[in-house]
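Sequences listed follow chains A and B, in order. Per this note's numbering, the very first residue in the first sequence carries number 1; after that it's consecutive. Per this note's numbering, the very first residue in the second sequence carries number 1; after that it's consecutive.
Hints listed in this document are in silico derivations from the structure and should not be mistaken for laboratory results. Please note: incorrect hints may appear among the correct ones.
What the hints assert, rightly or not - Where chain A lies over chain B, by a calculated footprint (3+ residues, C-beta under 8 Å):
(1) 67-74
(2) 86-99
(3) 305-315
(4) 393-401
Positions of the beta carbon are idealized from the N, C-alpha and C atoms, including for glycine.
There are 2 protein chains.
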Amino acid sequence: MTRQMHMVNSFDPTASESLAPEDRALLERRQRVLGAPYRLFYREPVHLVRSEGVLLYDRNGLDYLDAYNNVPVVGHSNPRVQERVAQQLSVLNTHTRYLTDDVVDYAERLLALFPPHLEQVVFACTGSEAVDLALRIAGHTTGRTGIIATAHAYHGTTQAAAAVSPSLGTNNPIPDNVVLVEAPDTLRHDPATTAREFAARITRGIDELRRRGHQPAAAIVDSILSSDGLQTDPPGMLGPAAEVVRDAGALWIADEVQSGFGRTGGWWGFERHALRPDLVVLGKPMGNGIPISAVVGRADLMEAFGRDVRYFNTFGGNPVSIAAASAVLDEITGLDLLHNATTTGAEAALGMSGAAAGDPGIADVRHAGLFIAVELVRDPETLAPDAARAAAIVDAMRQRRVLISASGRYDNVLKVRPPLTLSSNELPRLLEAFDESVRVTRTSP
Amino acid sequence: MTRQMHMVNSFDPTASESLAPEDRALLERRQRVLGAPYRLFYREPVHLVRSEGVLLYDRNGLDYLDAYNNVPVVGHSNPRVQERVAQQLSVLNTHTRYLTDDVVDYAERLLALFPPHLEQVVFACTGSEAVDLALRIAGHTTGRTGIIATAHAYHGTTQAAAAVSPSLGTNNPIPDNVVLVEAPDTLRHDPATTAREFAARITRGIDELRRRGHQPAAAIVDSILSSDGLQTDPPGMLGPAAEVVRDAGALWIADEVQSGFGRTGGWWGFERHALRPDLVVLGKPMGNGIPISAVVGRADLMEAFGRDVRYFNTFGGNPVSIAAASAVLDEITGLDLLHNATTTGAEAALGMSGAAAGDPGIADVRHAGLFIAVELVRDPETLAPDAARAAAIVDAMRQRRVLISASGRYDNVLKVRPPLTLSSNELPRLLEAFDESVRVTRTSP
Numbered sequence: 001m002t003r004q005m006h007m008v009n010s011f012d013p014t015a016s017e018s019l020a021p022e023d024r025a026l027l028e029r030r031q032r033v034l035g036a037p038y039r040l041f042y043r044e045p046v047h048l049v050r051s052e053g054v055l056l057y058d059r060n061g062l063d064y065l066d067a068y069n070n071v072p073v074v075g076h077s078n079p080r081v082q083e084r085v086a087q088q089l090s091v092l093n094t095h096t097r098y099l100t101d102d103v104v105d106y107a108e109r110l111l112a113l114f115p116p117h118l119e120q121v122v123f124a125c126t127g128s129e130a131v132d133l134a135l136r137i138a139g140h141t142t143g144r145t146g147i148i149a150t151a152h153a154y155h156g157t158t159q160a161a162a163a164v165s166p167s168l169g170t171n172n173p174i175p176d177n178v179v180l181v182e183a184p185d186t187l188r189h190d191p192a193t194t195a196r197e198f199a200a201r202i203t204r205g206i207d208e209l210r211r212r213g214h215q216p217a218a219a220i221v222d223s224i225l226s227s228d229g230l231q232t233d234p235p236g237m238l239g240p241a242a243e244v245v246r247d248a249g250a251l252w253i254a255d256e257v258q259s260g261f262g263r264t265g266g267w268w269g270f271e272r273h274a275l276r277p278d279l280v281v282l283g284k285p286m287g288n289g290i291p292i293s294a295v296v297g298r299a300d301l302m303e304a305f306g307r308d309v310r311y312f313n314t315f316g317g318n319p320v321s322i323a324a325a326s327a328v329l330d331e332i333t334g335l336d337l338l339h340n341a342t343t344t345g346a347e348a349a350l351g352m353s354g355a356a357a358g359d360p361g362i363a364d365v366r367h368a369g370l371f372i373a374v375e376l377v378r379d380p381e382t383l384a385p386d387a388a389r390a391a392a393i394v395d396a397m398r399q400r401r402v403l404i405s406a407s408g409r410y411d412n413v414l415k416v417r418p419p420l421t422l423s424s425n426e427l428p429r430l431l432e433a434f435d436e437s438v439r440v441t442r443t444s445p
Numbered sequence: 001m002t003r004q005m006h007m008v009n010s011f012d013p014t015a016s017e018s019l020a021p022e023d024r025a026l027l028e029r030r031q032r033v034l035g036a037p038y039r040l041f042y043r044e045p046v047h048l049v050r051s052e053g054v055l056l057y058d059r060n061g062l063d064y065l066d067a068y069n070n071v072p073v074v075g076h077s078n079p080r081v082q083e084r085v086a087q088q089l090s091v092l093n094t095h096t097r098y099l100t101d102d103v104v105d106y107a108e109r110l111l112a113l114f115p116p117h118l119e120q121v122v123f124a125c126t127g128s129e130a131v132d133l134a135l136r137i138a139g140h141t142t143g144r145t146g147i148i149a150t151a152h153a154y155h156g157t158t159q160a161a162a163a164v165s166p167s168l169g170t171n172n173p174i175p176d177n178v179v180l181v182e183a184p185d186t187l188r189h190d191p192a193t194t195a196r197e198f199a200a201r202i203t204r205g206i207d208e209l210r211r212r213g214h215q216p217a218a219a220i221v222d223s224i225l226s227s228d229g230l231q232t233d234p235p236g237m238l239g240p241a242a243e244v245v246r247d248a249g250a251l252w253i254a255d256e257v258q259s260g261f262g263r264t265g266g267w268w269g270f271e272r273h274a275l276r277p278d279l280v281v282l283g284k285p286m287g288n289g290i291p292i293s294a295v296v297g298r299a300d301l302m303e304a305f306g307r308d309v310r311y312f313n314t315f316g317g318n319p320v321s322i323a324a325a326s327a328v329l330d331e332i333t334g335l336d337l338l339h340n341a342t343t344t345g346a347e348a349a350l351g352m353s354g355a356a357a358g359d360p361g362i363a364d365v366r367h368a369g370l371f372i373a374v375e376l377v378r379d380p381e382t383l384a385p386d387a388a389r390a391a392a393i394v395d396a397m398r399q400r401r402v403l404i405s406a407s408g409r410y411d412n413v414l415k416v417r418p419p420l421t422l423s424s425n426e427l428p429r430l431l432e433a434f435d436e437s438v439r440v441t442r443t444s445p
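One chain only, chain A, in its complex shape:
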């Protein structure tokens, strides 16, 4: 008998008696047709009916500040995205076996945002599909089977993506050809040696792969190590590891599903680490919620794969998804959201650091752009993780109608990742809710 799986910040459906009758009725219907695979966030789930900008509204008209969702990168119900998608739907929506202009225009525009050695793109629909494809390309072009991933990574839900996603838990088997290495730990490491030590762990991981009979094909690393607890610092810490991977004849796959499209204040998270990825995986925010994802990569890899293997994704790069993705680039540029991620992110992190000051249970507030992590510990000396308090703060903020979540290897890291349109105006609400939630969950004096 396998163990039941664990998910941080998930609603316990057996506790539904606490819900309002309307919500309970909907939940019961939902349990019947969607069942166990469908988990809800929060001790008290949120029943949403509409959204605008950084606000979500429940069925009673109450608003929630969304400080969690990176998919609506240019804001919920963004009117430009809406307009472009609606317009395209009335004109043409088909696949890439026909010549169409927009997918080429967008591909050129997207690639211009990458270093020049990344010359081609393949479109898919989800981050999982793009990760799966990147792994296929790596396996095919290197002729090798070994993969390095970080010890608490999440890269997706297809079989191949789940195989490099140890954060899915002990019921998710990690196959023999995947070796896991500890991610850098921003809080616990010495910044002077972290890059070298991570590179050394990758070297040992490659040795381990070879012992198992697998030559290394690729390392796949989330450029901001979101599921490994959001490890941000020091910038550059992934660079030497990428060199080790290249020296071993393997590819570096930068997973930008969470860190991409301006989240960190630059276009891509890997830029902070001054590394040269061979393949880059894009997803979530790419179409502001219209499914679109991509693998960007070296032309020689794409050409070799495309020459030998038939790959076609019916919905990949369809005109409607491309319209949404084009509107997202327009908005990120037009609203100067990279700059906003940098400034508002710094301001938010500073404010949260202030609220955390003197609280011995808050060991660290760190961030890159508008991706902020707060690490909770039971003891400031031992740094023993405090998952319970992290969960309590998440729920306390939800009671104050500010939505965040928690993650990390020990479930003790608050994950604050609002739409990039969050402005200074909305910041006080985030900071007040955080300040109160920190205080009401503090048990020691």
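Chain B: place on chain A using the hints.
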């Protein structure tokens, strides 16, 4: 060095000098940024700019009758789909970790179209993702690893879906835990024994899996065997095979990505075979081009998987995709498209049979609803396949601005699969183009 892969009906990019200058310019840009993975249909690709109903329009304003695409099942640029998606985009588009009404409403409505033992649904974005998930569910709930698929099947492009897709060619490795069995062959078999013989092949396939050390977890079969040459008859021929699979303690996964949503005149292709699938995979037409797919299945399987394994698809079941899918159900029902698939499909097949009469190179015209196959042979006695003529007819019809393609194990089967809104009014255009194309490609008297 691996061989270059083969794709039927693909444009040769080295032949671009025959194209108009504008198309050549676009193609050159496309080759630079999208590269080898992106193949175009037809000796002379079609450069599309808009669409309406069953018509596609090129940049010169010329219209093409779409007799190939099943994604726009309720017609290109369908105004109801457009309206519903546009409306939803201005209201709410988020994921299933929050309570929302529409995904539950749609799930109930969808499940009401299935036999009562199929009680739950999990949403994803593409057919590949849904196939991948169905295989994961089968593996997890049976605790087994062996898979049976048909010898020229196509089920998708993730690693796990490609592993059961031998039609992707010799550069696509089929792993040890997958055993391939010959599909029924409507043209070459004896209808009286085909069901029994297919079941016997499945039995031998299961034996082979066991010899390799794999107990059978599932058989995955496209209910209309599209890539195996569109094998339609006799109805019921898959039933005994499904019983063999159940008796072996394995699951039957019905792949309805091509045969689902009214294509065959009923809602689902498996209904023609009076079999009881354990899991059903839905895709392509589900959202008329907005990415959405699903696995429908037995509640016990879904519950066991969902209890043990963390599965979450960020875009799966998002409100916009659900809005599109709801509009598709509205249109299929409101426009009585199941009835239309039956009647117009029969009329089209009859007309094409008439055009084929007396042509020794056309061995069979078969169909189920609005999915029509025409099988080309070099010799009516030996039934030796004629891929060259199939390709010639596809291109001759494209010259007459009627779009179809070819497929099948020997690339010799024309694939005619128009939107289900094709009416009797448009039929003469299809039939005239077919008649002429058959005549101009006929070499012997």
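Cross-check of the supplied hints:
Only residues whose C-beta sits within less than 8 Å of a C-beta in chain A count toward coverage, and the stretch 67-74 of chain B has 3 of them, enough to reach three; the restraint holds. For the stretch 86-99 of chain B, the proposed coverage by chain A is satisfied: 12 residues have a C-beta within less than 8 Å of a C-beta in that chain, meeting the threshold of three. A count of 11 residues in the stretch 305-315 of chain B with a Cβ less than 8 Å from any Cβ of chain A is obtained; the coverage claim is therefore met, three being the minimum. Counting residues of the stretch 393-401 of chain B whose beta carbon lies closer than 8 Å to any beta carbon of chain A gives 0, which falls below the threshold of three, so the coverage claim is violated.
Violation of the numbered hints given earlier is confined to hint 4; every other hint is satisfied by the structure.
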